[in-house]
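Whole structure, please, built from the sequences with the hints as guidance.
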Amino acid sequence: MLFSRRLMLGLAMAGSMAAALTVPAMAEGPTEIDLFFPVPVDGKLARDMGTLIKEFNDGHPGIKATAVYTGSYDDTLIKTRASIKAGKPPAAVIMSANFLLDMQIENELTNLDSLIAADGGTKDQFLGQFFPALQGNAVINRSVYGVPFHNSTPLLYINADKAKEAGLDPSKPPQTWAELTDWAKKLTKREGDKVTQWGIAIPCAYDYCGWMMETLTMSNGGRYYNEEFGGEVYYDTPSMLGALTWWSDLVSKHKVHPPGATPGPAVSTSFISGNAAMMMLSTGSLTYVRENAKFNYKVAFIPRNVRNAVPIGGASLIIPAGVEADKQKAAWTLIKWMTSPEKSAWWSRATGYFAPNMAAYKTPHMVDFLNKNPDAKTAVEQLDVAKPWFATYKTVPVRKNLEDEVMLVLNGKKQPKEALVAAQKAADETLKPFNAETSLKLP
Amino acid sequence: MSLAEPAALPVAAPAPPRLHIARRFTTRFKASLPAYLLLLPSLIFLALFTYGAMGRVLIDALYQRATPKAPLRFVGLDNISAVLADSAFTGAVINNLVYAVGTAIPSIGLALLFALALARTNAVTSALRAALFLPVLIPMVAASALFLFIFLPNVGLLDYYIGRLLPVLPNWLGDPDIALYAIMIITIWKNAGYYMLFFLAGLQAVPEDVMEAAHLDGAGPFMRLRYIILPELKPTFLFVIVIATLNAVTQVDHVFVLTQGGPSNATNLVLFYIYQQAVEHFDVGKASAATLLTLAALMGLTALSFRTMANREGGP
Chain A
1 MLFSRRLMLG LAMAGSMAAA LTVPAMAEGP TEIDLFFPVP VDGKLARDMG
51 TLIKEFNDGH PGIKATAVYT GSYDDTLIKT RASIKAGKPP AAVIMSANFL
101 LDMQIENELT NLDSLIAADG GTKDQFLGQF FPALQGNAVI NRSVYGVPFH
151 NSTPLLYINA DKAKEAGLDP SKPPQTWAEL TDWAKKLTKR EGDKVTQWGI
201 AIPCAYDYCG WMMETLTMSN GGRYYNEEFG GEVYYDTPSM LGALTWWSDL
251 VSKHKVHPPG ATPGPAVSTS FISGNAAMMM LSTGSLTYVR ENAKFNYKVA
301 FIPRNVRNAV PIGGASLIIP AGVEADKQKA AWTLIKWMTS PEKSAWWSRA
351 TGYFAPNMAA YKTPHMVDFL NKNPDAKTAV EQLDVAKPWF ATYKTVPVRK
401 NLEDEVMLVL NGKKQPKEAL VAAQKAADET LKPFNAETSL KLP
Chain B
1 MSLAEPAALP VAAPAPPRLH IARRFTTRFK ASLPAYLLLL PSLIFLALFT
51 YGAMGRVLID ALYQRATPKA PLRFVGLDNI SAVLADSAFT GAVINNLVYA
101 VGTAIPSIGL ALLFALALAR TNAVTSALRA ALFLPVLIPM VAASALFLFI
151 FLPNVGLLDY YIGRLLPVLP NWLGDPDIAL YAIMIITIWK NAGYYMLFFL
201 AGLQAVPEDV MEAAHLDGAG PFMRLRYIIL PELKPTFLFV IVIATLNAVT
251 QVDHVFVLTQ GGPSNATNLV LFYIYQQAVE HFDVGKASAA TLLTLAALMG
301 LTALSFRTMA NREGGP
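Chains as they are written, first to last, in my numbering: chain A, 1 to 443; chain B, 1 to 316.
To be clear, the hints were calculated from the coordinates, so they are not data collected in a lab.
Only a predicted model underlies this, so the values are computations on that prediction, with no experimental measurement involved.
Treat each hint with caution, since some may be false.
To be verified - No farther apart than 27 angstroms at their CA atoms in a straight line, the calculated lysine-lysine pairs in the DSSO-like style are these:
id, chain 1, residue 1, chain 2, residue 2
1, A, K164, A, K185
2, A, K172, A, K298
3, A, K432, B, K69
4, A, K79, B, K30
5, A, K54, A, K343
6, A, K79, A, K336
7, A, K432, A, K414
8, A, K186, A, K253
9, A, K88, B, K69
10, A, K253, A, K417
11, A, K387, A, K425
12, A, K425, B, K30
13, A, K387, A, K417
14, B, K30, A, K441
15, A, K88, A, K186
16, A, K85, B, K69
17, A, K164, A, K194
18, A, K44, A, K372
Printed below as a string of structure tokens:
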């Protein structure tokens with residue numbers, strides 16, 4: 001009897017499993033879409049996103065959007081790619097602005113031109129809403145692939161109290177590398193060989209390190225990559241050599257910058273705790289600093305050696321390839337709503353990113369906010385000298401080729417020149433398959 | 001009728017041997033059919049999620065694209081040779097060897113020490129055992145997030161206390177010479193308590209009478225450890241060494257959270273290398289080839305350890 005009882009039990013179990021596996025029938029109703037969103041900086045972005053999406057759903061009964069948290073920028077790329085491969089892409093993604101080119105090369109993006117045309121406007125009118133500096137990362141081969149959502153530039157943060165203590169005037173922040181070096185020396189405190197307060201800290205961890213190298217290279221007159229073509233980077237150049245040498249000098253020659261590679265959150269913690277008197281960090285951290293600093297602080301442009309220039313950072317809204325037409329339309333409605341002046345301005349105040357939509361700065365709430373927080377203006381003003389963020393074929397590996405070498409230099413294990421030669425060689429190798437298909441594919 | 005016992009075979013009538021075998025087979029199959037039926041759900045899921053995935057890796061390792069838009073084509077063992085020629089992979093293998101040896105020996109040593117010290121059960125040792133076991137209960141990701149604050153340069157917990165003693169503060173996770181050791185410390189802290197459990201169980205199996213006899217013969221604590229306890233613990237040792245080696249290859253959560261393989265690949269371990277190839281470089285062929293190599297090495301190692309164990313168990 002035992003036998004049949006076991007058999008029946010087994011069959012019953014198998015049956016219930018099969019029942020659990022069958023997919024429940026879909027109910028008719030609003031178009032359901034997913035939005036993948038990353039949280040790349042300090043703060044409470046996830047909660048703010050929930051508020052934003054709830055408001056959208058309340059105002060659009062035909063659409064039911066769900067915000068799905070997907071980790072860092074890099075994780076968001078990975079998860080988006082995985083869902084595209086699985087044939088179930090989300091309808092919209094907030095994607096790091098410099099991944100768009102790579103995704104377009106891999107045929108993973110929906111060209112937005114036809115959606116713009118269907119609304120009756122031209123591409124120029126559509127793009128004209130956004131700051132010109134942001135368009136480089138959103139337009140590929142003269143087609144629109146992304147809509148700027150929240151953007152940043154690097155800033156110089158100064159602990160104004162410490163500056164005053166050292167006899168420096170925080171209302172006249174350093175404008176050149178020479179002045180910055182001088183400030184950093186005066187702001188460094190030592191007890192014998194031991195440093196108790198660092199003059200300046202610049203983050204270097206994967207992702208941040210490449211962005212800071214682009215920042216320093218650009219303010220040294222250089223370019224990080226070929227803005228027109230995804231197969232070239234300019235690592236072994238005088239402008240980047242100057243940038244890396246100066247950074248390494250701050251560490252090993254002047255000894256005013258903590259040695260080694262320090263990730264962004266460690267740098268902001270160091271600044272907040274008073275251990276570093278100045279730091280270079282994204283505008284995205286501004287709200288975090290404003291809410292946590294127990295001292296007066298000041299933000300300023302990134303100082304120049306040759307010219308004032310910085311890269312943009314941040315993210316754009318995209319529609320992955322392979323989204324069905326009705327979901328595409330719903331996603332487009334969501335994207336237009338999220339990048340409208342009012343929402344853009346609200347998101348900017350909540351996070352510290354600047355609003356890419358220029359009209360956002362004319363909304364009454366925003367005017368009030370800027371009057372109360374003049375530091376938020378600096379990032380917007382710096383946009384005049386901002387340029388696109390590096391984007392190449394396989395952006396992440398190409399960036400890591402440089403970052404690994406920069407980390408060796410900051411640890412005093414390699415000289416800047418040999419590091420950049422090695423980085424160039426490695427990056428050329430990574431870019432080789434793409435060049436074989438494009439620039440070196442000859443008739 | 002019980003499943004555990006093989007069904008009694010009917011006495012074979014004189015028949016051609018082939019038929020005999022065939023009938024034997026069907027009868028056996030009939031008898032074990034319920035067992036197979038009961039196993040079926042598990043077999044389906046094993047096939048789908050374990051063996052299916054492994055088969056897929058095997059196939060993926062043989063294909064590659066020449067250029068990003070070219071179609072996949074069969075390349076044989078090219079992916080494997082590409083992986084072996086990649087200095088990042090050999091670097092990861094060396095890191096992993098250092099990591100495996102450097103985490104297995106200290107954590108096993110500590111585990112044995114804890115187990116010996118806490119072998120007797122009373123209120124104090126129970127509390128201490130629980131305390132030592134606590135790190136095992138914390139998920140690796142959460143533990144790494146905690147250590148992120150401990151290792152924070154200049155302002156972290158570690159620097160706050162050690163800072164008074166050292167002239168120059170090390171950048172624990174930002175210096176390629178130190179980062180791997182910092183990662184290793186977390187692993188040792190996390191795993192020692194887990195291995196302690198196995199040694200505690202092993203110590204229970206040390207025969208009481210032998211210990212008593214040794215005691216009467218005047219063997220001191222060290223002698224008893226050297227000649228009775230350690231030999232009795234040999235199977236436990238072998239088992240824990242296998243587990244520790246597997247952990248060294250399969251646990252990379254802390255690398256994800258703390259260093260992402262950096263600085264300059266100093267903490268890049270084999271599994272993280274595979275992840276990088278698959279999702280950062282988008283190179284499934286190379287990732288699969290590296291997976292195969294790792295699997296082969298692990299299986300070889302495990303087979304070797306278990307054979308040694310079987311020999312020891314069975315031998316004189």
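How the hints compare with the structure:
Between the alpha carbons of K164(A) and K185(A) the distance comes to roughly 14 angstroms, so the proposed pair stays at or under 27 angstroms and holds. For the proposed pair K172(A) and K298(A), the alpha carbon gap of about 10 angstroms is at most 27 angstroms, so the pair holds. Distance check on the hinted pair: K432(A) and K69(B) sit about 13 angstroms apart at the alpha-carbon level, within 27 angstroms; holds. Annotation: proposed proximity of K79(A) to K30(B) is violated, straight-line Cα distance about 47 angstroms (limit 27 angstroms).
Between K54(A) and K343(A) the CA atoms are separated by roughly 13 angstroms; this keeps the pair inside 27 angstroms, and the hint holds. About 23 angstroms separates the Cα atoms of K79(A) and K336(A), which keeps this hinted pair within 27 angstroms; it holds. For the given pair, K432(A) sits about 26 angstroms from K414(A) by alpha-carbon distance, which is consistent with the 27 angstroms threshold. Restraint check: the Cα-Cα separation between K186(A) and K253(A) comes to about 15 angstroms, which is no more than 27 angstroms; the hinted pair holds.
Pair hint K88(A) plus K69(B) holds up; C-alpha atoms about 22 angstroms apart against a cutoff of 27 angstroms. Our distance criterion of 27 angstroms between C-alpha atoms is met by K253(A) and K417(A), whose separation comes to about 16 angstroms. Using a Cα cut-off of 27 angstroms, the hinted pair K387(A) and K425(A) holds, with the two alpha carbons roughly 25 angstroms apart. At most 27 angstroms may separate the alpha-carbon atoms for a hinted pair to count; K425(A) and K30(B) exceed this at roughly 66 angstroms.
Only pairs whose Cα atoms come within 27 angstroms are accepted, and K387(A) paired with K417(A) is accepted, the gap being roughly 26 angstroms. Taking the CA atoms of K30(B) and K441(A), the gap is about 65 angstroms. The hint is violated against a cut of 27 angstroms. Of the pairs offered as hints, the one joining K88(A) and K186(A) is violated, with about 56 angstroms between alpha carbons and a cut-off of 27 angstroms exceeded. About 16 angstroms separates the Cα atoms of K85(A) and K69(B), which keeps this hinted pair within 27 angstroms; it holds.
Taking the CA atoms of K164(A) and K194(A), the gap is about 23 angstroms. The hint holds against a cut of 27 angstroms. The straight-line distance between the Cα atoms of K44(A) and K372(A) is roughly 21 angstroms, inside the 27 angstroms bound, and the hint therefore holds.
The earlier numbered hints that this structure contradicts are 4, 12, 14 and 15.
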